[in-house]
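A.B. asks: Chain residues, written in single-letter form:
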Amino acid sequence: AQKITQTQPGMFVQEKEAVTLDCTYDTSDPSYGLFWYKQPSSGEMIFLIYQGSYDQQNATEGRYSLNFQKARKSANLVISASQLGDSAMYFCAMREDSGYSTLTFGKGTMLLVSP
Amino acid sequence: DVKVTQSSRYLVKRTGEKVFLECVQDMDHENMFWYRQDPGLGLRLIYFSYDVKMKEKGDIPEGYSVSREKKERFSLILESASTNQTSMYLCASTLNNSPLHFGNGTRLTVT
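Residue numbers (this note's numbering), protein chains in the order written: chain A, 1 to 115; chain B, 1 to 111.
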């Protein structure tokens, strides 16, 4: 079974609008972390935001926020006020704290922001 | 700022060749990783290392080996390259449970 599921292969959004990228995860480990990375066409992987399983509040970093719903095992990324430079591939990833520091990645969502 | 450097951005090799992909990090990170990225499949873990001379298999280790003789350097080795190993290879490093820091990737083509 997949540990990280990103059901949206591609998403379109207009500039200045908000967009939500979906991510669900599967783990029996009580302690874990969830990450989002951005990969623009240049290929570099850019860390965006982190949510720990015991964090009481949803993580936020500037225009990025993580909508963490633990009971539903979802960790959706919300980008507010989209910009053209947000066009990229976005990956959700999970680290289970019982093991090594390895990250398991989803298949990614391609976001295209139009003017 | 953490810097993870992969020695080649693009590489073209022939089937059967032995291929070395090199990765160096400058922040004294204990943990280093090799992933491959393929369209529609996301990133898949090949091997990782949590200390010098230590290595662990990831999800898809077949056809690969690794070497970590020094803390800052983690090498991925394709013993006999095959066309199905054509891919983007990403190296990453981390200290404890901090986010992974990635290199810029090596796009390998095996013909």
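Among these hints, one or two may not hold up.
Straight-line distance between alpha carbons at most 20 Å, and here's what the computed DMTMM-like set of lysine to aspartate or glutamate pairs gives [to be verified]:
no., chain 1, residue 1, chain 2, residue 2
1, A, K107, B, D51
2, B, K3, B, D38
3, B, K57, A, E96
4, B, K55, A, D97
5, B, K57, A, D97
6, B, K57, B, D26
7, A, K107, B, D59
8, A, K3, B, E30
Rough simulated footprint, nothing fancy, chain B against chain A, three-plus residues with beta-carbon under 8 Å [stated by the list, open to error]:
no., segment
9, 15-23
10, 55-64
If you're looking for bench data, these hints aren't it; they were derived computationally from the structure.
Computed from a predicted model, the values in this text were never measured in an experiment.
Backbone N, C-alpha and C define an ideal beta-carbon position, used for all residues, glycine too.
A.B. asks: So, for every hint listed, does it hold in this structure?
C.D. replies: Do the hints match the structure? See the list:
1. K107(A) with D51(B): violated, 28 Å
2. K3(B) with D38(B): Violated. K3(B) to D38(B) sits at ~24 Å, over the 20 Å cutoff.
3. K57(B) with E96(A): holds, 16 Å
4. K55(B) with D97(A): With a Cα-Cα distance of about 18 Å, the restraint between K55(B) and D97(A) holds, given a limit of 20 Å.
5. K57(B) with D97(A): holds, 18 Å
6. K57(B) with D26(B): Distance ~24 Å between K57(B) and D26(B) Cα, so the pair is violated.
7. K107(A) with D59(B): holds, 15 Å
8. K3(A) with E30(B): violated, 25 Å
9. 15-23: Three-residue rule not met by the segment 15-23 of chain A, so violated; n is 0.
10. 55-64: violated (count 0)
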